[in-house]
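Asks: Okay, here's what each chain looks like letter by letter:
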Amino acid sequence: MKRTIPKYYPLIPVFAAYLIMFIIGFTMPGMWQMVALLAFYCALGQSWNIFMGMTGYVDFGYVTFIALGTYGMALGVQYFYQIEGLGIGIIFIGIFLALFLASLSAILEAAIALRLRGAYFAIACIGINEGLRYFIEGAKIWGGSEGIIFSGALTEAVGREVANQLTTFWADFAVFIIAALAAFLNVHYMRSKIGYALTAVREDEDAAKVMGINTFKYKTIAFLTSGLLGGLVGAMAWGLKLTHVFPGDVFVIHYTVECIVVVLLGGAGTLLGPVVGGLIYGLSKYWLAVILPGFQLLIFAPIIIAIIVAFPGGIIGLVKQRIKGTPLERYIV
Amino acid sequence: MVLLKLENITKRFGGLIAVNDVSLEIEHGELMAIVGPNGAGKTTLFNVINGVYPPDEGRVIFNERDITRLPAYRRAPLGIGRTFQIPRPFSSASVQENVAVGAMFGTLAGKVSVDGCLEIAERYTELVGLEAHKNKEAGSLTPVEKKMMEIARALAMKPKLLLMDEAMAGMHPKDIDEMVRFLKKIKKEENIAIVSMVEHIMRAVAGFANRVVVMHQGAKLIDAPTEQALSDPRVVEVYLGRP
Numbered sequence: 001m002k003r004t005i006p007k008y009y010p011l012i013p014v015f016a017a018y019l020i021m022f023i024i025g026f027t028m029p030g031m032w033q034m035v036a037l038l039a040f041y042c043a044l045g046q047s048w049n050i051f052m053g054m055t056g057y058v059d060f061g062y063v064t065f066i067a068l069g070t071y072g073m074a075l076g077v078q079y080f081y082q083i084e085g086l087g088i089g090i091i092f093i094g095i096f097l098a099l100f101l102a103s104l105s106a107i108l109e110a111a112i113a114l115r116l117r118g119a120y121f122a123i124a125c126i127g128i129n130e131g132l133r134y135f136i137e138g139a140k141i142w143g144g145s146e147g148i149i150f151s152g153a154l155t156e157a158v159g160r161e162v163a164n165q166l167t168t169f170w171a172d173f174a175v176f177i178i179a180a181l182a183a184f185l186n187v188h189y190m191r192s193k194i195g196y197a198l199t200a201v202r203e204d205e206d207a208a209k210v211m212g213i214n215t216f217k218y219k220t221i222a223f224l225t226s227g228l229l230g231g232l233v234g235a236m237a238w239g240l241k242l243t244h245v246f247p248g249d250v251f252v253i254h255y256t257v258e259c260i261v262v263v264l265l266g267g268a269g270t271l272l273g274p275v276v277g278g279l280i281y282g283l284s285k286y287w288l289a290v291i292l293p294g295f296q297l298l299i300f301a302p303i304i305i306a307i308i309v310a311f312p313g314g315i316i317g318l319v320k321q322r323i324k325g326t327p328l329e330r331y332i333v
Numbered sequence: 001m002v003l004l005k006l007e008n009i010t011k012r013f014g015g016l017i018a019v020n021d022v023s024l025e026i027e028h029g030e031l032m033a034i035v036g037p038n039g040a041g042k043t044t045l046f047n048v049i050n051g052v053y054p055p056d057e058g059r060v061i062f063n064e065r066d067i068t069r070l071p072a073y074r075r076a077p078l079g080i081g082r083t084f085q086i087p088r089p090f091s092s093a094s095v096q097e098n099v100a101v102g103a104m105f106g107t108l109a110g111k112v113s114v115d116g117c118l119e120i121a122e123r124y125t126e127l128v129g130l131e132a133h134k135n136k137e138a139g140s141l142t143p144v145e146k147k148m149m150e151i152a153r154a155l156a157m158k159p160k161l162l163l164m165d166e167a168m169a170g171m172h173p174k175d176i177d178e179m180v181r182f183l184k185k186i187k188k189e190e191n192i193a194i195v196s197m198v199e200h201i202m203r204a205v206a207g208f209a210n211r212v213v214v215m216h217q218g219a220k221l222i223d224a225p226t227e228q229a230l231s232d233p234r235v236v237e238v239y240l241g242r243p
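Protein chains in written order, with my numbering: chain B, 1 to 333; chain V, 1 to 243.
What the hints contain is simulated information worked out from the structure, not anything from laboratory work.
Any given hint could turn out to be false.
Using 16 Å as the maximum straight-line C-alpha spacing, the simulated EDC-like pairs for lysine to aspartate or glutamate come out as follows [claimed, not checked]:
#, chain 1, residue 1, chain 2, residue 2
1, V, Lys136, B, Asp249
2, B, Lys193, V, Asp115
3, B, Lys320, V, Glu137
4, B, Lys7, V, Asp115
5, B, Lys324, V, Glu137
6, V, Lys187, V, Asp66
Hey, can you work out the whole structure from these sequences and the hints?
Replies: In structure tokens, the structure reads:
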């Protein structure tokens, strides 16, 4: 039991970063939107990294979970706002539906795609994402391609003032909480049997099976966790914050690519990596959009290539090498 | 007492019969060597025993339980450990963590905490002489060190049966003698049945095994006590052909 407390030391720098971001956003006028954007990238990176970093499987269809989370919130508010006396509880119905849809798709996707490896897995995930989008549009469920606009329903359910607070503050605040939760789960997994099993899967899946590891089960645990967190991010950062959802806006692979950039930049499989990656990516995207609108990706592409070639472990991978053997090692994982 | 029983195992890959109607019994705590030239079906036989793939015909019975259709990951907790011909370490993890994986998912699975497994791993890392490297990444070890690490990982599973695939190939004769001594010591302390698969290093076979099984073209050719088996003229024939 002597390791129980130090095992969570690596959370200190992560939580410190989130706290500082929050304080800056909360106290400095005009900074909240930018901080919210940073928290969004950190949370997404952290959530995506739980699966990709630990298993080595690249889920290109990750945005499916974010999209379904958004739909969960939209459906919750749109279909239940007329029920008397729910008040703020309607948000929790939205969260519940977001988690339900995300877990449902995670389990189905796990059953199909997690049996595949490498590029086949990646393609299967993209296929599921595109399939879902066209299914929603074609079968005209949940509003089809017109999507759901639920700002009116939200206002009616909780009142104009509360709705305003929810969309401008609490939705962003929740993203911080999700990011922190993702970091906690990540450390918890890393230091438990799950982490050891998944490291074995990442390095040599067939040898892992021979060592007694039920690889499918552990992959599914990580996939489901990652998907649920993605669903929560969607429910808050896209659903509650924007109060509308259109299939053409949410089932977009571009966001998965952003996850990949954030995680590889900071360091795949590390805890602090997605935070560092999220901050760098979010900040540069924000400033580049101001200084050189439209050129963000053009500038980012060579930077990413340079980083992957120069230090494939990402920034934190590099830092970890440098501090090996020093007391700092305990805090940076 | 019989630990593992193979009943008429046949495994085909397309038209190729890799293992042809092999029956075999291994006792608790027995030291056995399976020898045979390249392509004799030794590795296929190992893969059938530890569940990498099921046989086309026949049954595998371990500890009086039919495990013919059991997937590999459910056999390890019953007590079947394995090392590979070409070492397959979990490269990015440390040596100690690699060995701990064995303890975590072997016969002790669910009985020992993660910290407990790390302690067990420390003991076995020391036993195979890798204590100086325990915090190193497994991928950075030399080939011989990787083999030793794999043995430690398999032993940390606390197996009843340890399958060693060419553990001594490419080793210096002095190291082979040391390995043989080490395996005998382990066998005595933990009463593990060890089946070692050897292509041609008779020095290892003679020093190690009580019983030798010679395989040839997928079939069991000889199954006899070591001295008798090695002096059998058919052994020479298997390797060099009929004069």
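Asks: Give me the numbers of the hints this structure contradicts, sorted from smallest to largest.
Replies: 1, 6
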